[in-house]
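If you're matching them up, the sequences are chains A and B in order.
Residue 99 in full-length UniProt numbering sits at position 99 of the first sequence, with consecutive numbering throughout.
Residue 138 in full-length UniProt numbering sits at position 138 of the second sequence, with consecutive numbering throughout.
These aren't lab readings, by the way, just hints derived from the structure by calculation.
Please note: incorrect hints may appear among the correct ones.
Claimed, not checked - The calculated label-pair distances, taken between Cβ atoms and stated as ranges, are:
#1 Glu56/A to His47/B: 16 to 24 Å
#2 Ala192/B to Lys24/A: 50 to 58 Å
#3 His89/B to Arg195/A: 37 to 45 Å
#4 Leu62/B to Thr96/A: 42 to 50 Å
#5 Ser99/B to Thr96/A: 41 to 49 Å
#6 Arg195/A to Ser50/B: 36 to 44 Å
#7 Gly61/B to Asp191/A: 45 to 53 Å
#8 Arg190/A to Arg153/B: 21 to 29 Å
#9 Ala220/A to Ala98/B: 21 to 29 Å
#10 Asp70/B to Arg190/A: 24 to 32 Å
#11 Arg195/A to Ala98/B: 50 to 58 Å
#12 Arg153/A to Gly61/B: 56 to 64 Å
#13 Asp191/A to Asp213/B: 35 to 43 Å
#14 Asp82/B to Gln73/A: 28 to 36 Å
C-beta atoms are modelled at their ideal positions from N, C-alpha and C, and glycine is treated no differently.
2 protein chains.
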Amino acid sequence: MSMSDELVEHEELVSSATGRPLTKRGEATRRRLLEAAELVFAEQGYHEASIVKITERAGIGLGTFYLYFDSKQAIFEALVLDLNRRVRHSMSEAMTGASDRLAAERAGFAGFFRFTAEHPALYRVVREAEFVSPEVLRLHYTRIVEGYEAGLRAAQATGDVDRALDPETTAWALMGMGELIGMRFLLWERDAEGRPPAELDPKVFAGMTRFIDNALAPRAEEEK
Amino acid sequence: MSMSDELVEHEELVSSATGRPLTKRGEATRRRLLEAAELVFAEQGYHEASIVKITERAGIGLGTFYLYFDSKQAIFEALVLDLNRRVRHSMSEAMTGASDRLAAERAGFAGFFRFTAEHPALYRVVREAEFVSPEVLRLHYTRIVEGYEAGLRAAQATGDVDRALDPETTAWALMGMGELIGMRFLLWERDAEGRPPAELDPKVFAGMTRFIDNALAPRAEEEK
DNA sequence: CAAGAACCTGAATCGGATTTCATGTTTGCA
DNA sequence: TGCAAACATGAAATCCGATTCAGGTTCTTG
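Use the sequences and the hints to build the structure in full.
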């Protein structure tokens, strides 16, 4: 599969036509295509989005597209990987400097929601990846969950998190929560002018925090 | 929109060509089309699935399709509503006879997972609905969440569930958890022969139960 | 059993999308 | 300045699938 090349975290950018590395001009064009693709895929979905629409949005000739990506599917996969990289960056950035491990988890969540509010494309594109390219979908989820899981194990070791929880299951549970709450309270919510909110409603955020704190905290009676 | 007719819970089945009610034969054909659509949409996704593939799978002539559904989108929407009805039935059935409200929530979850294991189409179809027909997607989630939410409020009233939780947020959180855990541990998991497991790995189920119990239980120190 | 209603059929129409390709333009460098 | 190498272009080839339609078959009822 053509996937294997794509899986490398920091791949060297090469022309898919000649296989040679890109010049500065080439890289800029590639980036404009990716940016246009993010907008078009998010607004229209994979199948409504056409190469023509993407190249028009990017202000680039139709034929040029194929100098940078082998196919519509190829640019879609590149986009998922790009978004994945960025959301994880946003999360880990939010977590640095947290006082304790539970606070770090909360901060990571906040980073996730901030990114979601700013890039609705993440949701739409990732969800659609299930059908367009299952491999990248798994990769996306797995990479995020790995981060959670490691954090949970560490927090269990220090006693900040209930040791009876299964870290893997818990990580997936947290991920699922975040995703559906983001969908419902960020993406579905619109103000009077039809704009989505910049962040989660405080009531919802508080409710979710309480839920997570309850779920993760060690049970009082079991502390020794 | 043509949706409004479809939203009725127990609609009368009519031919979309003549608008008249169906005979027994007609109903049987319609059902065969829906069953074929469930398989084909689940295996191939909306856009790979073609009307020809659906009618072939149903053993029915291509033209016949349009006697029962106006379009490809129409049968897709009908399918989502059908699956939604069935999963809710499966959940409420599992909940009857539970000793207390917390046990009922757990049982509802179990019913959800059982249905998921038996009908992987639910996931695939529902997830794709986000792009094909956002209205039915909302309807699907909203109907399920309403049930959770009502249960949570009742359980808070009796003191079985932490009163500090926001029922709506909590309901969406639970829904998201269930969805992602089902995806990861039912749909992604395959045994040696490539068959998906019939039910959740006990370790995972136990981990999830612990997580939910922690999250929902009233905090000890706040009991008076 | 005759005739109308309901149901069934698949070839042909039609629109729309991806991808190719022959040709033109810009850039970098000797 | 001149000439490769990179980059850019959009018309046309090609494919594919949703939907229509003109004409058949099966049921059912008076």
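A quick look at each hint next to the structure:
no.: 1; hint: Glu56/A to His47/B: 16 to 24 Å; verdict: 22 Å, holds
no.: 2; hint: Ala192/B to Lys24/A: 50 to 58 Å; verdict: 51 Å, holds
no.: 3; hint: His89/B to Arg195/A: 37 to 45 Å; verdict: 38 Å, holds
no.: 4; hint: Leu62/B to Thr96/A: 42 to 50 Å; verdict: 59 Å, violated
no.: 5; hint: Ser99/B to Thr96/A: 41 to 49 Å; verdict: 47 Å, holds
no.: 6; hint: Arg195/A to Ser50/B: 36 to 44 Å; verdict: 38 Å, holds
no.: 7; hint: Gly61/B to Asp191/A: 45 to 53 Å; verdict: 50 Å, holds
no.: 8; hint: Arg190/A to Arg153/B: 21 to 29 Å; verdict: 26 Å, holds
no.: 9; hint: Ala220/A to Ala98/B: 21 to 29 Å; verdict: 26 Å, holds
no.: 10; hint: Asp70/B to Arg190/A: 24 to 32 Å; verdict: 29 Å, holds
no.: 11; hint: Arg195/A to Ala98/B: 50 to 58 Å; verdict: 43 Å, violated
no.: 12; hint: Arg153/A to Gly61/B: 56 to 64 Å; verdict: 58 Å, holds
no.: 13; hint: Asp191/A to Asp213/B: 35 to 43 Å; verdict: 37 Å, holds
no.: 14; hint: Asp82/B to Gln73/A: 28 to 36 Å; verdict: 31 Å, holds
Of the hints listed earlier, those the structure fails to meet are numbers 4 and 11, in rising order.
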